[in-house]
Amino acid sequence: MKTQQWIIAAACLLAAVSAQAAGNVTAGKALADKYACFSCHGKDFNTPIDPSYPKLAGQHKDYLAHALKTYKRGDAANGRSNGIMTAQVKPLSDQDIQDLAAYLHSLPGTLATHR
Amino acid sequence: MKKLTALLVLAGLAQVAVAAEVVGNAQNAKAKIEMCIGCHGIPGYKATFPEVFPVPMIGGQSAKYIESALQAYKKGERKHPSMKGIASSLSDQDIADVAAFYAQQTRTGEAK
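Order-wise, the sequence lines are chains A and B.
Mind the numbering: the first sequence is residues 1 to 115 in my numbering, read in order.
Mind the numbering: the second sequence is residues 1001 to 1112 in my numbering, read in order.
These aren't lab readings, by the way, just hints derived from the structure by calculation.
It cannot be assumed that every hint is accurate.
To be verified - Below, a list of computed lysine-lysine pairs in the BS3-like style, where the Cα atoms sit at most 27 angstroms apart:
#, chain 1, residue 1, chain 2, residue 2
1, A, Lys72, A, Lys90
2, B, Lys1032, A, Lys90
3, B, Lys1046, A, Lys69
4, A, Lys72, B, Lys1079
5, A, Lys90, B, Lys1030
6, A, Lys29, B, Lys1074
7, A, Lys72, B, Lys1046
8, A, Lys72, A, Lys34
9, B, Lys1074, A, Lys90
10, B, Lys1030, A, Lys69
It should be emphasised that the depicted structure is a prediction, and the values quoted were computed from it without experimental measurement.
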């Protein structure tokens, strides 16, 4: 009986962890609206207002999360410093980052991987 | 009068500087992308530090964004160690050529 309880507990924990890692598309859309990401990256996240800004629609989810974390690290090792993005990522929790990445990844995009 | 002439000469120099802005050439990039394709040309290729993540899709990004990202690695505004090493080895012309090359890629099209 004890073993069974442990297995159930472990399964629940695993489910919780993987749910967090996956990110929530609906929550991500709400965050993207709240922080007005579209005002630079474009309403469809594929037509940024300036060509020096990246297209985000359909980009790999874990890369998007990584990029947001690099702005959080800022000037520290493996960080990125950027006047706009440094301010934008400040209020974001790790869960927010996963949700935003899941949402942006879910959008139809035109990015490609070729040799 | 001398001041005016000096101003005109300066204005002329500024014009030349603007005209000499680096223009990327996708055809010239062919010999410069070996370092890129080892990671960005392999579907599903992952970097593992400090997070595990698939390297970004760069085909179809605008040339200006790719240029600004590479310049940011070169200047140290972006601190990814391997990208800093690669970007630092590229001239401004190399960066413009590589950016032009990846900007012309499409999701369905073959690399040109």
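For this session: Would you check the hint for Lys72/A and Lys1079/B, treating anything up to 27 angstroms between C-alpha atoms as holding?
Result: With Cα atoms ~12 angstroms apart, Lys72/A and Lys1079/B stay inside 27 angstroms; holds.
For this session: Please work out if Lys72/A and Lys90/A have their alpha carbons no farther apart than 27 angstroms.
Result: 7 angstroms, holds
Exercise. When you check the alpha-carbon spacing of Lys29/A and Lys1074/B, does it fall within 27 angstroms?
Worked result: 33 angstroms, violated
Exercise. Within a Cα-Cα threshold of 27 angstroms, do Lys90/A and Lys1030/B meet the stated pairing?
Worked result: 40 angstroms, violated
Problem set entry | 27 angstroms limit on alpha-carbon distance, applied to hinted pair Lys1046/B and Lys69/A | Holds. Lys1046/B to Lys69/A sits at ~17 angstroms (cutoff 27 angstroms).
For this session: Sort out whether Lys34/A lies within 27 angstroms of Lys72/A, counting only the CA atoms.
Result: Given that 27 angstroms is the threshold and the Cα spacing comes to 18 angstroms, the pair holds.
Exercise. Within a Cα-Cα threshold of 27 angstroms, do Lys1074/B and Lys90/A meet the stated pairing?
Worked result: Satisfied, since the Cα-Cα distance of roughly 25 angstroms is no more than 27 angstroms.
For this session: Verify the proposed pairing of Lys1030/B with Lys69/A, using a straight-line Cα cut of 27 angstroms.
Result: 33 angstroms, violated
Problem set entry | Proposed proximity, Lys1046/B with Lys72/A (alpha carbon, max 27 angstroms) | Holds, at roughly 21 angstroms.
Exercise. Are the Cα positions of Lys1032/B and Lys90/A separated by 27 angstroms at most?
Worked result: 37 angstroms, violated
Hint compliance for this structure: hints 2, 5, 6 and 10 are broken, all remaining hints hold.
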